[in-house]
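Since each chain comes alone in its own frame, lean on the hints to assemble the complex.
Spelled out from the first residue to the last, the chains are:
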Amino acid sequence: MSGLTRVSGSFLREQVRAPLNVVLLIAIPVFFVLIFASVLGEFAAALGGDLAEQAATSISAGWAAAFLCGTLAFFALASSRGADRRLALAGLGAWRVVLSRITASLLLGVIVSLVAYLTLLLRSGVEHPLHAAAAIFAFAAIYTGIGALIGALVRDPLSGSLLVVLIFSLDIFSGPAMTSNASLANFTPTRPASNLLIAAGGGQGSPSGDWIGAFGIAAAGIAIALAAFWLTARKRA
Amino acid sequence: MSDSKDAPGIAAADLSACGGVDHEGGVPARRRVLRAVDIEKSFHRGIPPFRRSIPVLKRASIEIHAGELVGLVGENGSGKSTLMQIVVGLLKRDDGLIERPGRLGYCPQVPMVWDKLTIAEHFELFAQAYGLGREVAKQSEESLLEELQFTRYRDFRVEELSGGTRQKLNLALALMHDPELLLLDEPYAGFDWETYLRFWEMSERRREEGMGILIVSHLLAEQERLTRVYSLVDGKATST
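Protein chains in written order, with the numbering used here: chain A, 722 to 958; chain B, -14 to 225.
Excised from the complex, chain B in its bound form (with noise of 0.2 Å):
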């Protein structure tokens, strides 16, 4: 894993191409999945001269290994959607490193998906994005719609679906793929609470498999299942 500072606007290294493995006391540590250091951020608003930068990420740093579920919170706009946006390469930092895997699912805040397309369609598109084969695309969308238990839906629009289903199809196209690390923002809201029970069986089951997990929440009730969190205080993560 290379450890210099790229420049801002320079893509983020590839875990996967730089081995990845850390030594802590000649003991073999859990390969790092995520390290995302002095992360900067501000945003402009207005025009000159009225324009006013809002700083919201001062140098902010998270470090993720294999096989760790960890939490990310803090209040209202302190950031922590803007530090995952910028991990994950929807948002351009002004400044830091970020070193992450190739292969990263995202599941955003709110579903970025299609209305007028099918669940099954959306599965499809994915699956030719993460370059999935056939067989293993197939495999995966009904191993999905069985643990989410929304398979009845598969062939309803977007559009038809409640604001939870419309979630459990955000959660599963972050998880089709099986990434080595992956991000989750607020990825419960709208969940009723079985399924909420279930999301956190499915985290710790894909912890316990090697995966690296990010979740990002103002308000983390399940403290005792993460194996650390991140408090975003004033621009800066402390971890607890």
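Here chain A stands alone, though its shape is the one from the complex (with noise of 0.2 Å):
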């Protein structure tokens, strides 16, 4: 085993080590598309939104994605900010925790978004599969990004998960469909993703804008990850 693989795998158990993540890790998908999207429907009618009932379900599991990575990933850098600094000083080096961190991160991102997408295809079954798979990890992608972000740069727990809650919550409810402005829309991270995601779950394609949009998004979430993971392991002298 090398040796990226064995740091990322300590990482990755000190993250899902605890039982009640791995519960939760099921508890909240679930939660999400089968009781947050009716709620989510009530309120997009609310704010003047037309979001119809099978598309709240399809996007309800890339909210249960992003809302568990972003958690996870502030919570992974907030509590072991000293030990990798302390790590990489030591003479793994800040681009080697730095990548085994955002490996171990990307991991949980792949089963908290296989998770969310079983249960949208146990509720509700998706036209497009392939396409829905690829929009519910990009919400976990950029989700690790805007989390670990979050992490980098509040170091009180309390302030920083209750910042990134804030963040999830504008962009929720300034989503595609949410409200009667579509023009918030325009501004939220996750919009791209959210349009490939209804469209899956309606059975139809997607624009390459969507697609690109998406993907951009995504891998910009992936770099600002790794940044704010280095951030908190570089050595300061």
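Keep in mind the hints are simulated off the structure, nothing from the lab. Everything numeric in this text was worked out from a predicted model, so none of it was measured. Incorrect hints may have been included.
Claimed, not checked - Pairwise CB distance ranges, derived in the manner of DEER restraints:
#1 SER224/B - GLY730/A: 42 to 52 Å
#2 ALA944/A - GLY118/B: 32 to 42 Å
#3 LEU182/B - ILE756/A: 55 to 65 Å
#4 PRO40/B - ARG957/A: 11 to 21 Å
#5 ARG44/B - LEU745/A: 48 to 58 Å
#6 SER27/B - ALA940/A: 46 to 56 Å
#7 ARG36/B - PHE752/A: 38 to 48 Å
#8 GLU209/B - ASN742/A: 45 to 55 Å
#9 ARG957/A - TRP185/B: 23 to 33 Å
#10 GLU763/A - PHE28/B: 48 to 58 Å
#11 ALA941/A - VAL218/B: 48 to 58 Å
#12 SER38/B - ARG734/A: 56 to 66 Å
Said to hold, decoys possible - If you only want the chain B side, here are some residues facing chain A, beta carbon under 7 Å, derived:
#13 GLY74
#14 LEU75
#15 LEU76
#16 MET97
#17 VAL98
#18 LYS101
#19 GLU106
#20 LEU110
#21 PHE111
#22 GLN113
#23 ALA114
#24 TYR138
#25 PHE141
Idealized CB from N, CA, C, for every residue including glycine.
Structure representation (structure tokens):
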């Protein structure tokens, strides 16, 4: 087993070892897809949006992946800041710590996306399964970046977790078809991924602009996570 | 060893790459393992125009040779941990020169470990970081577990350990690659009396083997064991 694999494996184990975390990895997607989706539809109607039931169910799988990956990335960074820096200074080097952290976070993103995807598949079925899987993973990657960035910049766990939830809430309620004011949706990080997921759930294809947008923002999310991990692990002298 | 003064922010010199043997009056002296000269550090709080600077270190200098057990004392907030973190590379200095060996062990005041990983997994990760081979790492792990008497907790997660056992792990991780320079920041916090005595015996044994050791504490009761003590007052370190 290579050094990078061994360190990434330790970082991944660190995150999934808490029994409650494992329960939440399953419970949160189930809650979002089965319960939150219908609430989301009602909110959309109240805000003047026209989010259909099928679309709300599909997009909820993406929100589940986003919520889990955002909070897990935040707490991974907030709780391991000192230990990661010590390991880097001991000789592993900041970049190897960063690569191990991003590998562990993306593996976790894949697991979370898979659970959310399977929940969606069991709940309502998906017309374009590959499109939906890609869109859900884009949600996970974008929020891995957001959570890691907040973890690097905000030291207090309570303030940081509240900030993750605030950004998540603003993102949800200004998403596509959520309000009568469509211009708000143009500025949310998950807009192209949401469009892909809504279209995939309804059996429609998506324009290339949404694909490019979703992958571009997901790649930016991963790049931001890399930068956040590096900010934490780097040497200060 | 280079005595040129590097610019702030430039990595400290690696003593192992510079020879590092001093000669005083023609008699070979012990190899210098740490030289920190005129270290300055201020912390900045608040946002402009309400920003204020708090100077902590004002041209503080310390020096340690192989086989020395040196103390660094000072009141709370005097800058002891700040100086140590600058030496290690956890904090950036504003000015000054640092020369230190490549093989350095650091035991932070608060254990920097992962709560969900076991003691064995910590040894594995740090063996990887120090570049130790499988056999050397295993031997080092077993000997430190035995020496600090916490072998039975090897497969326990950190979150399941008492404060004292966490501190033993914290110390063991700094020692496992047999460093040339060992930096200990309040290393015996949480130790019981037996472990406290064992800690000093371990430190003295390593000093006799040629390790340079710096112990930071607000209170050093075992001064007779130390080669010398630096006192950090008003940002300056004076040797006694």
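Going through the hints against the structure:
no., hint, in the structure
1, SER224/B - GLY730/A: 42 to 52 Å, "holds (47 Å)"
2, ALA944/A - GLY118/B: 32 to 42 Å, "holds (35 Å)"
3, LEU182/B - ILE756/A: 55 to 65 Å, "holds (60 Å)"
4, PRO40/B - ARG957/A: 11 to 21 Å, "holds (18 Å)"
5, ARG44/B - LEU745/A: 48 to 58 Å, "holds (52 Å)"
6, SER27/B - ALA940/A: 46 to 56 Å, "violated (39 Å)"
7, ARG36/B - PHE752/A: 38 to 48 Å, "holds (45 Å)"
8, GLU209/B - ASN742/A: 45 to 55 Å, "holds (50 Å)"
9, ARG957/A - TRP185/B: 23 to 33 Å, "holds (31 Å)"
10, GLU763/A - PHE28/B: 48 to 58 Å, "holds (50 Å)"
11, ALA941/A - VAL218/B: 48 to 58 Å, "holds (50 Å)"
12, SER38/B - ARG734/A: 56 to 66 Å, "violated (43 Å)"
13, GLY74, "holds (4 Å)"
14, LEU75, "holds (6 Å)"
15, LEU76, "holds (5 Å)"
16, MET97, "holds (4 Å)"
17, VAL98, "holds (5 Å)"
18, LYS101, "holds (4 Å)"
19, GLU106, "holds (6 Å)"
20, LEU110, "holds (6 Å)"
21, PHE111, "holds (6 Å)"
22, GLN113, "holds (5 Å)"
23, ALA114, "holds (4 Å)"
24, TYR138, "violated (17 Å)"
25, PHE141, "violated (13 Å)"
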